[in-house]
Structure formats: structure tokens, C-alpha cells
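Knowing the structure of chain A, use the given hints to seat chain B on it.
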Amino acid sequence: MACVFDGIKVLDFGWILVGPQISGYLARHGATIVKVEALNRPDSVRLSAPFKDRMPGQNRSGYFAGLNPNKYGMTLNLKHPKGLEVAKKLVAWADIVTENFAPGVMEGWGLDYEGLKKIKPDIIMIRSSNQGQTGPQAHRRGFGILLASQVGFNAVTGWPDRGPNTSYLGYTDFIAPRFAAAAVSAALIHRKRTGKGQCLDVSQAETALHFLAPVILDYTVNQHREWERAGNASPYSAPHGAYPCQGEDSWCAISVTTDEEWRAFCRAIGNPAWTQRPEFATLIGRKKNEDELNELVGRWTVDHTSREVMMLLQGAGVSAGVVQNTKDLLEDPQLKLRDYVWYLEHDELGQYPHMGPYIKLSRTPAQPRMPAPNLGQHTELVCREFLGMPDEEFTQLLVEGVFD
Amino acid sequence: MLDGIRVLDLTDDKGYLCGRILGDMGADVIKIERPGGDPGRSLGPFYHDIPHEERSLYWFAYNANKRSITLNLESADGRELFRKLAAGADAVIESFSPGFMDGLGLGYNVLSKIKPGIIFTSISPFGQEGPYSQFKYSDIALMAMGGYMYTCGEPDRPPLRIAFPQSPMFAGVEAASGTLMALYHREMTGEGQVVDISLEHSLTGTSSSLVTAWWYLEGVILSRVGQYRAGLGAGIKQRQMWPCRDGWVSFQIYGGAMGAKANKALLQWMDSEGCATDHLKGIDWDNMDMSKLTQDDMDKMEQPIGVFLLRYTKAELEEAALTKDIMLYPVNTMADILNSPQLKARNFWMDVEHPELGASIVYPGEWAKLSDYPMKIRRAPLIGEHNADIYKQELGLSDVELSALKQARVI
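Residue numbers (this note's numbering), protein chains in the order written: chain A, 1 to 404; chain B, 405 to 815.
Next comes chain A alone, as it looks inside the complex:
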């Protein structure tokens, strides 16, 4: 079955999280991705635990595999002049080049946008770095988890009486790729119409700030108001929070805003006497007495499983959702319908869940084609089949260490 990006060729220098997710959108939807790594400096996620059977190995990282289905993997020594030549042949082959190095790395190889255009005038280049390609701090090192602090998410996450909390992984790592996927799709439309390529400078910090745009506007127009940590409270809903349920560390989120929802909530939980108290009859009243309200709701939820709470309340028209963990996500019937993971046979991991496509298309759905590549697995295939390199040339380069 056809996929959206069939025939699109991508030279992928991406590593860790952001770059691989960007090429991941293209990979899942039909593009041919050549992921380039150095033999002695592979994508560092390959070195991240957990490993299959607790045996470390570059091809045994589950973290890596999940992020990289549908990609060819080759190694290339870009310090070797002939390695750079191979890279340039790959540029000539490619429609798109992706990278998320610190600014300057591609420049060092002569593979910045100007360099790429000399080889392939209509190339589309996606550059995704922490803070963009320009500016006084463009070269500052960091990871997504640090960037999330820098762009303001951690300041608004946490309990008022404790400190800021951080999202589990680098939160900003998951925002930038989504913007980049939109930009590259638009760039492909633009190229189809005009024949022109483009350079897309996607700053992880700048994309992330858009997820807080109203909070920023509140600051710029309302006398520099700062949002505070609010726990799980909402200014316009009560009850609103995560409530304890039966079992260990089991919670259900509940949100009640309108009178209708409040009445439905009360009915659903059996109209206990406390719900008739006048202070709980209005939103303002419930907000004023929120701590007590939360405690009372918790006393009901704790007698039920999180799933029971969700099904009962949603059945009554009240918004509720189980606080799902990673195991729950794999078992979630909605996510199963959407190919949350593709179980693909990987030669070292066995059957392994590779993250599936987030975008569900009716006519040209994403297709699982290959498990995540082993390091250098397709070096020869890429050279011979994609670049049309004759056998002798390949062997000669191999001997000279061009693929180390």
C-alpha cells in the first residue's frame, strides 16, 4: 500500500531523541531513511540501559530500538576524506538531510546548508538544535530535560509548598520534532510547486515556548504576572485532580466544571450527604473549599479501582481518566486500535515494541517495514544499492577504514 513519503530519501545525521523522532515521522510514512553513525561514536542512545537480558551491546538497547524502526543504518568515518566524499554522494542521493547536532558540527564537515546546496540545489535541510542555529547561546550544550527548565515548564509544575518538578524525560524533546514534521511536510509541498528546497532552523526552545503562549501573553500584557505552581488545581474546575484508587499507586484524574457535570458527578457517586452541603453547590464554593472537597472525593475513589472510577464517571458524562503507566499504555484498547507499537522481529531483541505512527491516515496508512537497524547493518547495501557503488570501490573504502 502506498505511503505519503514513498520515494523520499532522507540522509539522517540525527541522534538521541530529537533528530531520530523527526526522521521517524518520515520513516513511518514511507521515506527511505539512511541513518549515519560513526562506528566508534554511535548514537548514544544505543548505549542506554535497559539492554536485552541485561547484556549491554550497541544493538541491544530497547530505548534505541523503539525510536528507530524503518531506518537503514550505516557507519561512516567523517574524519576520513573519503568518508566525507561518501557523505556528499549521499547528499546528492537525498531529498532531505536531517541533523540535531550543536551548531557548527555540520559546518565543520562543509555540510551546512550552503555546502549541501552546492551538491543538491533543491535539498531540504532540517536543523534542530537546542536554541537554534544563531545567537549568543546557540552553542550552549544541554539536553531536553535542562531545556524544559529554561523555557518555563518546570516553574509551573509542582506543588505550591514544594519545589518545581520536572517532566520525566526531556519534555522539549517531544515538542520540536512535531513542529519539524509539520515544517518538512510544508517544505515538500513547496518544493513540489516551486522546485525550491529550504533550510528549516527548528530551535527546541522556541518551539516549546509556543506550548506556553498564553502564559507568556499573561506576562507581557498583565503587568508581568508569573504563573505559580498549582499542583493539579485548575482555576475554573472543582473537583479537579488525581484521586487515589484501590491498589498500589493507582489514581484517576477527575475534572468537573459546569453545574451539569457537578450534578452528574454527585449522582454517579450515589448522592452522598456531603455533596448536598451548600458550600459545594457552586463552582466558587467548591474552589473555596477545595482541600476538603478533594479529600471527600478521595474517600470515595479509594474504594474503587481507577478503571471503575473512569468508566462510571465517563458513563455519566463527567471527564475522568486513569493515570496510566507504561504497562497500561501497551494494554490500552484505544492505543491498540491505533498501532501504538509495532511488534517487529529484531535479531538481537526478538519481538520488540517499536513506537508506532501517531498520525492515522485513512488512505495511506503508515507501514512497519523494518526493525531498528543494528550499527552499520546496511553500510554495504546503502553504498551498493542506493549509491550504485561498484564492488571493488566499496571493498577498497572498507579496507581504508572509511566506514569505521
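Hints were generated in silico from the structure; no laboratory data involved.
Take the hints with a grain of salt, since some may be wrong.
To be verified - Derived DSSO-like pairs: lysine-lysine, alpha-carbon spacing no greater than 27 Å straight-line:
| id | chain 1 | residue 1 | chain 2 | residue 2 |
| --- | --- | --- | --- | --- |
| 1 | A | 79 | A | 120 |
| 2 | A | 192 | B | 517 |
| 3 | A | 327 | B | 641 |
| 4 | A | 88 | A | 192 |
| 5 | A | 52 | B | 696 |
| 6 | B | 665 | B | 704 |
| 7 | B | 540 | A | 336 |
Note that the coordinates shown come from a computational prediction; the quantities given were computed from them, not determined experimentally.
What follows is chain B alone, placed relative to chain A:
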């Protein structure tokens, strides 16, 4: 870049960002609001704290670069007008309950006959089909179901969301990508299709394959660790949020070559202030294998660092991080962000005119710098601001017809 592409935007707050992104890249996005204004205009915060449909900062932020018409889709006239509009549209984006548009006779099957090749993007909490597909949305329920909350918060308290709604953001960007992917496919083949976006599914992207891997390979479910982060080895916590003299910073002892460099730089600074312990000075950072550390090892490294960081303000620590190349970032407030020299140098902030308010407001600007297309921001529309442009000039309705439709609450 997307000149000539027309998008009919029927989304509510679950999907505004999709149309915004398309508009940012040059598409003609027409926000269709119900008469009286889109319900999302009730979402705060508000300009000068005046709760009002034309003062919602949420509306301003996510509906910039769109035009607005009013339309009651549930009326016969409304549906007729919508079908006429669809005939000239490239894409329709909506976030109603699954099946609602079909119920109105305005679903993909109907619209694709009116406009072959049309893209129909549906944004919903859990997707168009399935046992939860009619579930009621709230950001916290989605942050819960999508797996974000389980790994956020203090271990002795309930799991946490982020104080500002994030689930519609992930879905909005995802929907923009999906719509553009479908538009690209149409450029190549002439074929349209349905794009089905789920807030829950898009949110699962925040937990990534690492969390899945720990469960699948080790049977370990990573859970919230407060101001720490986990995942190095099951059970080992490393501090991530550190108090300093006037706030907090985010810092973590990293491994590998990059970490070694940064850790040595920190140690050198601590040493120059007489704060480096013998234990810390004795560590071989270049060869430290993070996966072999015990909790005790970690605590012994972190304790003197914690004491050290408390001596300095956020600004001092950021200065040191920049000059000494330490991987430490302040937990920034909005003030810090608006003062960032990096963002200023990037011309990130844009002044947007709001003539009705007699003001110009500073907005976050380009979310990417596209070499062939500098983005601009035009303020979000007023309710039905472009009714005349669309209904009269394009569809040729007369003043009499427009007046009748207004009074019948069709527009």
C-alpha cells in the same frame, strides 16, 4: 509557503494550534465559530483581566493568522453554506465528538464528493473509533491517560500535570503535520483522505521508548521521583532540581564524554572556592560508568554539590554555566525568558497590533526559521470579522440574505 491552500477550521480549544501552524506558513485558515463566538473565547487568561470574548489570551495565542466567520452548522442554511465553502477548500479540520460531522451530513464521505481530494482532519481525545472514543475531554484526564502524569510529581503525593493545558498542544501540532502530509500526498496523486488525531496518542509521545523499554525488558515501571530523575539503573535516583539561593536550577551529573567535561568544569569551580570534597576530587569522570553507580555513590557526589549551589543565585549559576560550560540551566520564570539574550538575538519576540485594544502586544514569534518563508503574525480575528468577505464577496450572498441569516442565528 502554503499560499492558495484554504483550510476550514472547525476546531475548539482541543485543536486551535493546528490551524494556527498552517496559517503561520501562509495557508488561508478560516476559523468557523458558532454565532456569538467560539466557546474557547471563554478561556483565560484575559487581557487586563477583563473576561470577554474579544480579550481571551488563549484565543489570541492560538488563533492568530486566521480569519473568522460565524456559522451555525446545525441549521439547514448553515450546512448548505458549509457545503458551498467546502467546494472551495483544500482541508477541513474539526474537533467535534467522533461521528458528529457525519451526523450533520458533513463528514468526509459527503465532502469528498463535493470536493474530491479534500483532506479531512479530525482531532479527538482518543481517536475516531474505539471504546473511549466518546469520552469527555479535560486536559487532566488526557494527561493521565496519555501516560504523562504517572512519571511526574512527588512520590508521596498524587501524580502531577503541568499547570497549563498541554494535551491540546501535542494534538494540535500533530494534526498540522498530518494535514500537511495528506496535502503533500494530494499534490503528488490528487487523492484526499481522513487524518485521525488522538490527544491521548500524541501525548504518549512524551514518555518515549525509554519508559516502554524498562517495562518490556526488565519488568520495571518507572514512576515519579519528584525533584530527581530515574532511569539510570532501576532504583537509582539522581537529583535534577536543586535549590539555589533565590530559586532553583536544573542540573544532573551526566556520564559520557560530554558529562565528564561538564562535571570537571564544575569541580574545578568548586575547588577554586574551597568546596570540593576529597571524594569528588578523586573521581575519574572520564571513565565513570554511570550504570555501575550505587545510590550511595550518587548521594556522596551530590551532597557537596547541593551545598555549593545554595551559595549562588540563579543568575550567578547561569553565568557560570555559560562561561565554564557546565550543563546547568536555571528554572526560569517568564521574566527570565523575556529577558533572554538568546531569544532577543534570534528576533523571537514579535509585536502584534491589536487596534481594537489600542495596543501592540509582544508575542512569541516564529517557531522555526524557514529560509524561504519568514513568518508573520496577524492578530486573531474578532467574532465573524470576515463574514462580509466570505459570505458576500465570495459566496455572493446579498445584504438581505445576510441579515436574515443573522437574525435566524445561522451566522
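A quick look at each hint next to the structure:
| no. | hint | verdict |
| --- | --- | --- |
| 1 | A:79 to A:120 | holds (22 Å) |
| 2 | A:192 to B:517 | holds (25 Å) |
| 3 | A:327 to B:641 | holds (21 Å) |
| 4 | A:88 to A:192 | holds (23 Å) |
| 5 | A:52 to B:696 | holds (17 Å) |
| 6 | B:665 to B:704 | holds (20 Å) |
| 7 | B:540 to A:336 | holds (20 Å) |
Hint compliance for this structure: every hint is met.
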